[in-house]
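Top line first, the protein sequences correspond to chains A and B. Heads up: the first sequence begins at 53 in my numbering, then just goes up one per residue. Heads up: the second sequence begins at 713 in my numbering, then just goes up one per residue.
In short, the hints are calculated from the structure, not lab data. Treat the numbers as computed from the prediction; the structure is a model and nothing was measured. Among the hints, a few may not be true.
[Unchecked claim] Using 30 Å as the maximum straight-line C-alpha spacing, the simulated DSBU-like pairs for lysine-lysine come out as follows: (1) B:Lys813 with A:Lys203; (2) A:Lys269 with A:Lys189; (3) B:Lys891 with A:Lys135; (4) B:Lys891 with A:Lys191; (5) B:Lys891 with A:Lys216.
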Amino acid sequence: MSLENNTSLIDEEIIRKDESKGLHNLIYVKDLSLWHGKQQTLKNVELNIRDKGITVLLGPSGCGKTTLLKTFNRLTDLDPDIKTTGSIFFEDKDILTKNIDVYALRQKMGLLSQRPHPLPGTISDNIRYALKLKGIKSKVEQDDRIEYYIKKVALWDEVKDRLKYSANSLSIGQQQRLCLARGLAIEPRVILADEPTSALDPISSRKIEEQFQELSKEFAIVLVTHILRQAKRLADYTAFMYYGEVVEKGKPSDLFENPKTEIFKDYLQVGH
Amino acid sequence: MNSRKYLVEKIVKIILLIFTIFIVFVLLSIFYGIFKKGLPALNWEIISQVPKGGYYFGKEGGILNAIVGSLYLAIGASLIALVISIPAAFFIHTYLFSYPKWQKRVRLWLDVLWGIPPIVYGAFAFNFMLFMGWPSSLLAAMITVALLISPVMIRSMDESLQHNSKGLFESALSLGFFKGEIGFKFLFKQSLPGITTAFLLALGKGLGDTASVLFTAGFTDYIPESITEPAATLPLAIFFQLSSPIPEVKERAYAAAIVLTIIILVISILSRVLSKRFSKNRIK
Ligand SMILES: Nc1ncnc2c1ncn2[C@@H]1O[C@H](COP(=O)(O)OP(=O)(O)OP(=O)(O)O)[C@@H](O)[C@H]1O
Ligand SMILES: [Mg+2]
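Just need the whole structure built from these sequences, with the hints factored in.
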């Protein structure tokens, strides 16, 4: 199914080509197709994700954005009906091959889902789980880092007096930021964010957006959004998907000013 | 237009009220009957002594053997059932996660199992014991009752996990946890209220079920000193005394029924309180 042979060789080739253009890519999606049973959800996707900055995925509902994100961290494994062909190169390996350590992969590809899902336990527990998973055993160090990560997502002032409360007691917007903090505590390389602000009020959305802009200096971020303004504010790179295909991709300045396809033109028009 | 709605609303309300009152009335009259007949015979002696010779003919002694026997049985059976049920419930929500069809099938089987009458479990266990040459014992009864209550225990934990478990599961996987870890770390916390209710439900069943212990536990006038000995149980004690023609003995049956009812009442209240306490960290 996947290209198990010579994976790193192909990788190096692409990297050399990219670097001669002055680009630094972290993820290379090569000819990726995905089927849910008989229905094809992703069609020959070709996409490179830069190693820093925000790559925004746009596209109408049902075009396969969430599916693509889930392929990146192999949550697609959960569905036995899903079949994939093609490859995704990340850190010298094709992550779609069988012999990959999915648990390590998922820690490198932090996924922030559309609805926040705190884990059962207190606010600080939620970060502590991640820290323990990273092998940090000292309670003092854990507490230090809990504070560090909660501050990093601009949540500290709101929760510092109730760290021992259930994570459930937070508002949805606060939960979303807590989940982001938890994801950061895993020390990922890539942040996959699936409509992270769709359930939030404008002020919380703005806070998350600011976080992303800050984080994009260190991390590769793949952001799915339906909000065009948000895409324009945040995108360093953009890809537009339609029925499982990446129809257009590139710098947002080019893309938004001169859409090449009719579909994307329409999409932009309606979005305004 | 609207006055019609109000009228219908009123009628529905009255109908619901009538049914509610009916159920409460039935419950209260059962209580009344038990207490009226049993209270005169209920005294310290009956709950603090084992039957002396001639107890079943109205002479002195008590039902301590049955109270202790039933408690041992119920607690033992519930613990065994818990050990079976927790991994089973987690299995349904972790490793079977990708196979919704199998989840459905397993749930159906469990529901069917729960529908099998206790006497069938009792007869099956008894046959098995005969075959192996094992005498009636507390352990045999514990295992039988544990098997009897496991299906409903699993289902009750399963139900408490239904809500939100997909998102929880996926987000924990995204952090790099593996499936078993998620079960025992997070689903456990998430289903703690469910586990508590299930455990106490099982206790109640273990205390109250007659048919499954009829052949498996046996009956004795002594307090069992090990799980290999036979044990008396409250429902059987009630049954034996009720079938006696002697009025004093019949009265004592009702006294035993009061004891059983009170124990079950206490357990039900406890289950409410505990399950509320354990829901504190639950993600809704
Ligand atoms: N488990 C599944 N089984 C079958 N088809 C599925 C499954 N999950 C998703 N699909 C299909 O795959 C396609 C892409 O879905 P996906 O969730 O990736 O879309 P999306 O771009 O994220 O949409 P949205 O913007 O609404 O979130 C849809 O047509 C959907 O019906
Ligand atoms: Mg989606």
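Hints, one by one, checked against the model:
1. B:Lys813 with A:Lys203: 44 Å, violated
2. A:Lys269 with A:Lys189: 29 Å, holds
3. B:Lys891 with A:Lys135: 21 Å, holds
4. B:Lys891 with A:Lys191: 25 Å, holds
5. B:Lys891 with A:Lys216: Cα-Cα ~26 Å, so holds.
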